[in-house]
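Protein chains in written order, with this note's numbering: chain A, 4 to 248; chain B, 4 to 248; chain C, 4 to 248; chain D, 4 to 248; chain E, 4 to 248; chain F, 4 to 248; chain G, 4 to 248; chain H, 4 to 248.
There may be inaccurate statements among the hints.
Unchecked claim - In silico PhoX-like links for lysine-lysine, alpha-carbon gap of 25 Å or less:
id, chain 1, residue 1, chain 2, residue 2
1, E, K247, G, K118
2, A, K74, A, K111
3, E, K165, F, K74
4, D, K165, D, K150
5, E, K165, H, K165
6, D, K165, B, K165
7, E, K111, E, K165
To be verified - Now the stretches of chain D that chain F is said to cover, found in silico as 3 or more residues with beta-carbon under 8 Å:
id, region
8, 54–64
9, 203–216
10, 225–234
Claimed, not checked - To give an idea of the interface, some chain E residues facing chain G are shown, with a C-beta separation under 8 Å as derived from the structure:
id, residue
11, L69
12, Q73
13, G75
14, I95
15, P96
16, S171
17, R173
18, I195
19, N221
20, S225
21, C240
22, Q241
23, I245
24, L248
Keep in mind that the hints were calculated from the coordinates and are not lab data.
If you're wondering where the values come from, they're calculated on a predicted model, not measured in any experiment.
Glycine is no exception: its CB is placed at the ideal position from the N, C-alpha and C atoms.
There are 8 protein chains.
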Amino acid sequence: MKTKDILQKYKEGEIDLSEALSMLPKSGIEELGFATIDTDRQRRTGLPEVIYATGKTVEQVRQIALRMHQKGIDILATRATHEMYTAIKNDIPQAEFNELAGCISYRKSKEYTDKGYIGIIAAGTSDMPVAEEAAVTAEFLGNRVEKVYDVGVAGIHRLFNKLDLIRSARVLIVVAGMEGALASVVGGLVHIPVIGVPTSIGYGANFQGLSALLSMLNSCASGVSVVNIDNGFGAACQASLINKL
Amino acid sequence: MKTKDILQKYKEGEIDLSEALSMLPKSGIEELGFATIDTDRQRRTGLPEVIYATGKTVEQVRQIALRMHQKGIDILATRATHEMYTAIKNDIPQAEFNELAGCISYRKSKEYTDKGYIGIIAAGTSDMPVAEEAAVTAEFLGNRVEKVYDVGVAGIHRLFNKLDLIRSARVLIVVAGMEGALASVVGGLVHIPVIGVPTSIGYGANFQGLSALLSMLNSCASGVSVVNIDNGFGAACQASLINKL
Amino acid sequence: MKTKDILQKYKEGEIDLSEALSMLPKSGIEELGFATIDTDRQRRTGLPEVIYATGKTVEQVRQIALRMHQKGIDILATRATHEMYTAIKNDIPQAEFNELAGCISYRKSKEYTDKGYIGIIAAGTSDMPVAEEAAVTAEFLGNRVEKVYDVGVAGIHRLFNKLDLIRSARVLIVVAGMEGALASVVGGLVHIPVIGVPTSIGYGANFQGLSALLSMLNSCASGVSVVNIDNGFGAACQASLINKL
Amino acid sequence: MKTKDILQKYKEGEIDLSEALSMLPKSGIEELGFATIDTDRQRRTGLPEVIYATGKTVEQVRQIALRMHQKGIDILATRATHEMYTAIKNDIPQAEFNELAGCISYRKSKEYTDKGYIGIIAAGTSDMPVAEEAAVTAEFLGNRVEKVYDVGVAGIHRLFNKLDLIRSARVLIVVAGMEGALASVVGGLVHIPVIGVPTSIGYGANFQGLSALLSMLNSCASGVSVVNIDNGFGAACQASLINKL
Amino acid sequence: MKTKDILQKYKEGEIDLSEALSMLPKSGIEELGFATIDTDRQRRTGLPEVIYATGKTVEQVRQIALRMHQKGIDILATRATHEMYTAIKNDIPQAEFNELAGCISYRKSKEYTDKGYIGIIAAGTSDMPVAEEAAVTAEFLGNRVEKVYDVGVAGIHRLFNKLDLIRSARVLIVVAGMEGALASVVGGLVHIPVIGVPTSIGYGANFQGLSALLSMLNSCASGVSVVNIDNGFGAACQASLINKL
Amino acid sequence: MKTKDILQKYKEGEIDLSEALSMLPKSGIEELGFATIDTDRQRRTGLPEVIYATGKTVEQVRQIALRMHQKGIDILATRATHEMYTAIKNDIPQAEFNELAGCISYRKSKEYTDKGYIGIIAAGTSDMPVAEEAAVTAEFLGNRVEKVYDVGVAGIHRLFNKLDLIRSARVLIVVAGMEGALASVVGGLVHIPVIGVPTSIGYGANFQGLSALLSMLNSCASGVSVVNIDNGFGAACQASLINKL
Amino acid sequence: MKTKDILQKYKEGEIDLSEALSMLPKSGIEELGFATIDTDRQRRTGLPEVIYATGKTVEQVRQIALRMHQKGIDILATRATHEMYTAIKNDIPQAEFNELAGCISYRKSKEYTDKGYIGIIAAGTSDMPVAEEAAVTAEFLGNRVEKVYDVGVAGIHRLFNKLDLIRSARVLIVVAGMEGALASVVGGLVHIPVIGVPTSIGYGANFQGLSALLSMLNSCASGVSVVNIDNGFGAACQASLINKL
Amino acid sequence: MKTKDILQKYKEGEIDLSEALSMLPKSGIEELGFATIDTDRQRRTGLPEVIYATGKTVEQVRQIALRMHQKGIDILATRATHEMYTAIKNDIPQAEFNELAGCISYRKSKEYTDKGYIGIIAAGTSDMPVAEEAAVTAEFLGNRVEKVYDVGVAGIHRLFNKLDLIRSARVLIVVAGMEGALASVVGGLVHIPVIGVPTSIGYGANFQGLSALLSMLNSCASGVSVVNIDNGFGAACQASLINKL
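With these hints in hand, go ahead and build the complete structure from the sequences.
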């Protein structure tokens, strides 16, 4: 059926909206059999398709990366292993690997938005892998980043010493495990949006990050929102959307 | 005591129903010492006895499979390892192994019901092992299957592109991890039964599939029911019963 | 913009699928300000729009019911109170109220599908409100219903006495609180689909129905799927879709 | 001790930072005995002090409101009752009450930022109180608001019909209970930040909003962050900070 | 079909066991429409049918009690209200009501087993309703009872003072809320079976009895088993079965 | 048996330790039938017997109070109602009632230990009932108290303004709901023991205080221990033991 | 101080009960530095000291076993490894190892109580390790055991076929994972005590045995009590105490 | 800007407190890039900076230790491995390793406070690693320690035998897994502060220490507070602060 006819039928109520949709010619999709790459996502959501490597084989990650590369799409693979990086580097030698963050990335452009920078604050040394995942992602999405690490609330003067840098950001990502109090304290000191990332750092009644997650969700500071435990990537995505407003 | 006498006593109220039952001659059971095969299950429930391999040794799985094979029962072993497959193949060379699904199967007949097909929809590449377990099981039970993979709600147009195929099934299995929203979205677009299979794919506040499970149980689409996390097998069993109505 | 132009733009890739959609003329929606009635749902999903009364005021329920009535749509309001019924009856005198189920219903046609009947099994007297919600809904959707109540597993012979009636259904809804074992036991005795409805009946470690919910999700009988705690309505929706296949 | 001397001691390391702080003259605080009003919060965080009425007596709410009013601070009381409103109206006749939202508000200026508007999307009629709390708060903070209500994923075409309005916002608040899938679906269709507000609407395995909360935290759409269950206020605070960037 | 023919068919494998069962004449059941009284339970399980009043109307409780009374069955209704008692007393004037326990009971025989007594130990005054439910039930089932109340572990010498009485029982029921430690301490001092009843007494991290439940399940004393939170009735049932061995 | 003989038997191993104990003459116990008052507790644990009123009737509370009064024991009843206070005041006119704290108290001596004072810090106005329960208890136990209320971390300068008073205490009780971050922040600023009291203040993912509880248990400040949610009484008991060292 | 003097002081109230106790000569304890063997436990509780091997080193297990052996105490080590068995066998060659159960045992006497036998019923093959732990323990404690394995409720006729054997036991242990329904079904068919042992067998919403645990705690059959997940040992301890009554 | 000017501006209200703070000269901080050592913590909180080794690499731990050593700060690393110890010993040969506790420590002074000792009580052999972590920490902080191990409540006379030693401490740490009852029992026998440390020892419904944690939080003994599961370190920190009062 021709596009015109589909539309006509829809207009006359013979078919409904989703039937019309399913009849229209496809675009923005790249089929791999085991994966359907959403090549149109960047244009639609402002965020490109990204490879979440957990639960995928080395070979699957390699193939998706390669196909994206051939289509001219920038590559970011999170939760990736060194073995995956080695497999990809053969085909895409410029790809980089941040071991601490577990991120493989390749970005053609080296330019960053001049809107301002994203501040990434981490409570402890153990929270660094998540903070680095956020940093790699934010830079991949074209943002400049300033990092303020190991400034947990047990020694709150460490935080105050960096307050200038923190307050000059356009948006903040606060990464903290254990009791996650840092998000509330920072939220009470600034007037920019704060995105909390609870981490699974801790033990016992931490329950793999539940403690910090609940803490941040119940923050008494009003401008704080939260992403999933250990989700540095997601925090950076939202921070990038905000920074580019 | 003779069957007639047992019945007489029951009729007169001397013994109760379950006592009568326990005295009657046995059938439909095959004793292995460590296992009691329910050879009558197919006739009673429409679903044959199946081997759930987790927590069983390779040798136990091999013996149950062999005994079933000798009794002329088709074989399906789920959550099986390659090692188990190798052990079984010696005795039953026609047995097949789907590595991704972790399923060993052997079915004498190659025929399928002509009632229609079961549609299996998976949200992401990482959900494929569970979707494949459902597919292997559905085919083992004599159903044709159509697969629609990697159509999660973050790029909902991928789903619309397959809407024809989806709507033409007699029953749908929707496999999704993370937030499990796909079951609700599909349920709102079709008028056939939808069985949701939450998967343990995700991390952090996913809590090993709890997130997708709760999401599907609370679906705002009314025709959706749910099976256990990662239970592709169970979903296929119910889908088969429905498809054969 | 004209429909033709929208289509043209979509075809040439200037706008994407969802943009095209949002520009097309609307249908199948009835705006009430505080509610957007989905008048097209029956045709799209095989299940009509239904009023879930919890959290709505008496006046809101009345207005939605009235507007649906004016549009010629059959009315079912679940979790409704007697006060809501009184308010609706003024405008729609034929509306009926099942007090135990908490359901207001009005259905023009009095016909039922001749495909077969839906069997509704309830473990205890206290589970009856949920079972009745399922029964009212199933009949509202045009199905005949057979009820088997108070046959919990603590006296399993009560169940066996009704086995004929149970086995002759096309699909079963099993409603049980406490340990919810009835769904597994029934699932092991029949070869038709079983939909389990855990109820919140019980106390202590029942945790408002969690016990029965987990029990049914982990059923060792393979043909059992589950809906939300106390969700007799949802079970009946799926059962109706199955019964009409 | 004089300010100069305090500083001198701090510089020489005799006292530490927090000792110095505690000796310095106070400002930005208004003591009520039972409450310490943070009169400086607006300047420091971009968000004024707000009265969270739960757990406070009518009299306490009245006194705090009055004192703030006397200091020239705008007033917003959330989770407030009609009784509290009556008590406040005596002293501040211009105060307004949004019954559905449970919010008392009084704002001197009637101007709004011309940066753009905040879109507030609610899945169902029952989610409206939370959505309205967000709307009242956003407007109180000087933002224009566009509302899109009752567009849950079970009838996804209702959402597409409003896509223009949704995509033209600078930031979105998505309010949804039950399975909370709406946040993911919206997040996959726009390229602006999305703040999810899970609501406690639902029953059974909803567990007072846990279902929607986990769903949104595990969203497969990358630009989504989340606030506490039913926290329309907090979502609006962050949205306002974003909108004013 | 005649009983003989049913049996014949079963023997020849034409029908299976459960089909045979469902065809046999019924007994031991009393139908009330909304309830199916298991009149045979006493003979089958050693415990008579008992009325669990929660979720039943006053009228339902009255009718079941009356029917049981007419059949000559002793009556015990747990979780009953004073209103239910008043309704029953009209028809069965000898019925008694233990207000603290919430139990209505009527037992023809006044005899008790001479095997020994059941000891019921309660940690605090607030645990008494549950302990009394156990006591009423145990006596209803024909056991003598000795009570030792308010001997929680915070003053452990109170327990030692009653050690003779405790050690002379044949089986013990230990009722405790809060941290439920009493079950472990008692279990370490006696060589008779101990049945723990966690109660919902406490607040905060007690989580309605979860604390005491987990505590008792993890008891370091080996001879302790546990029943549901606040389930004095169930504990007494098992204790009675043990006492009568 | 005489005390000498009991001892002799124990020495010779004929009876064990607990048997010996149970035979020895009793003391330090006052029997009320429904309660066993531990009159010796003060001497044994440094803390007197206290009445926890929840789950007790007005009459039970009155009788226990009276008996304690007759024995010359000071009286503290927590979680008490105004009705209980009225009942007690008849017999003990000097008894006082702190309505906010829900505490009835009567203490003969008006003296306080001169060791130092207990600091009680509360995050918000809504946390005051718990903080007051701690204050009443601490004073009842003979300690002086200094209160610092409404100094939550969203406006952390309010806390710094009271740092002198806080640092001069011998032990601190920190009462906070929502995310409970205050305990960590205070713990990082002082070198005295900090006892955290999470409160149930908050909503949604607060889960009745779970959020603050987990937060405090996972505090990154090392000198912090925690008591049950809303347990101001318990915190004051431990603080008193510490203050009197 | 002499025993006589201790007693005198206690009698005169100079020292309290527990002080007296702590001054009396010790017995029934064997110190190993890292462990304090309770050599008196058998006499006091009817159950001997048993080695729970988890979290102990091979060397610690060996030393405790050896010391017990030297004292003439029978040996049972649960959750033991083959390595531990090898280490013990050197010193105690008659020790036996049940690999499936993970139990090392050595018992001098070969006699069993003639009171009757303990029935151990297991739902599935995968539940056998826990059932065997119960069996080894029960025999170690001097009880005869009858085993009925692989009779889960999905094929309930398998259970009926063994009803004679089951009903002739003096006490039953029912071991079941997944939905744990077997305990309720068995409890409804017998009039002897039933001890349920939930196992961690299953996956997904089984939550490591939580499903079966809650199921058994909420059993609608009244004579069922429960022990910890996978605690075959504890079930056998209580069953032994009951069997020997 | 000069310190004087900063102060002036603050005084005049041009800048707020935290801005002033962030402008003042820094001290008490040692930057390592991946870590910010809080060299001032000892003076500020009475507890020195300590290395929590989990989630840190061997090299990171070595570098932090070395830098602290160079600054003259005593070293304690908890949750450390033997590999870390080997790496540190090269640079700091006097460092010691407690394998059971997983603690590396080096302390210049060998003196202990003469205030009294900290008693550390452990319920079972398996709880010893946590108890030892507490012991190493307490001694590192300059306290003498007395240990009472393997005195769980299942054999309560073992505890009574050590009552003198227990009662003579100035503060007690009670370490217990499983049901954690020991904390309550001890709390009821002494009049000094008790700090409970729940451990993750146990299985099944222990849920990795949740059982003991809830048990201790709900202790019916009033002078008990609690730290995180397995947190021997934190308990010792608070005990040290108390012991030095």
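These are the hints, each one checked on the structure:
{"no.": "1", "hint": "E:K247 with G:K118", "result": "holds (14 Å)"}
{"no.": "2", "hint": "A:K74 with A:K111", "result": "holds (13 Å)"}
{"no.": "3", "hint": "E:K165 with F:K74", "result": "holds (23 Å)"}
{"no.": "4", "hint": "D:K165 with D:K150", "result": "holds (10 Å)"}
{"no.": "5", "hint": "E:K165 with H:K165", "result": "holds (24 Å)"}
{"no.": "6", "hint": "D:K165 with B:K165", "result": "holds (24 Å)"}
{"no.": "7", "hint": "E:K111 with E:K165", "result": "violated (33 Å)"}
{"no.": "8", "hint": "54–64", "result": "holds (count 5)"}
{"no.": "9", "hint": "203–216", "result": "holds (count 5)"}
{"no.": "10", "hint": "225–234", "result": "holds (count 4)"}
{"no.": "11", "hint": "L69", "result": "violated (22 Å)"}
{"no.": "12", "hint": "Q73", "result": "violated (23 Å)"}
{"no.": "13", "hint": "G75", "result": "violated (19 Å)"}
{"no.": "14", "hint": "I95", "result": "violated (22 Å)"}
{"no.": "15", "hint": "P96", "result": "violated (27 Å)"}
{"no.": "16", "hint": "S171", "result": "violated (13 Å)"}
{"no.": "17", "hint": "R173", "result": "holds (6 Å)"}
{"no.": "18", "hint": "I195", "result": "holds (6 Å)"}
{"no.": "19", "hint": "N221", "result": "holds (6 Å)"}
{"no.": "20", "hint": "S225", "result": "holds (4 Å)"}
{"no.": "21", "hint": "C240", "result": "holds (4 Å)"}
{"no.": "22", "hint": "Q241", "result": "holds (5 Å)"}
{"no.": "23", "hint": "I245", "result": "holds (5 Å)"}
{"no.": "24", "hint": "L248", "result": "holds (5 Å)"}
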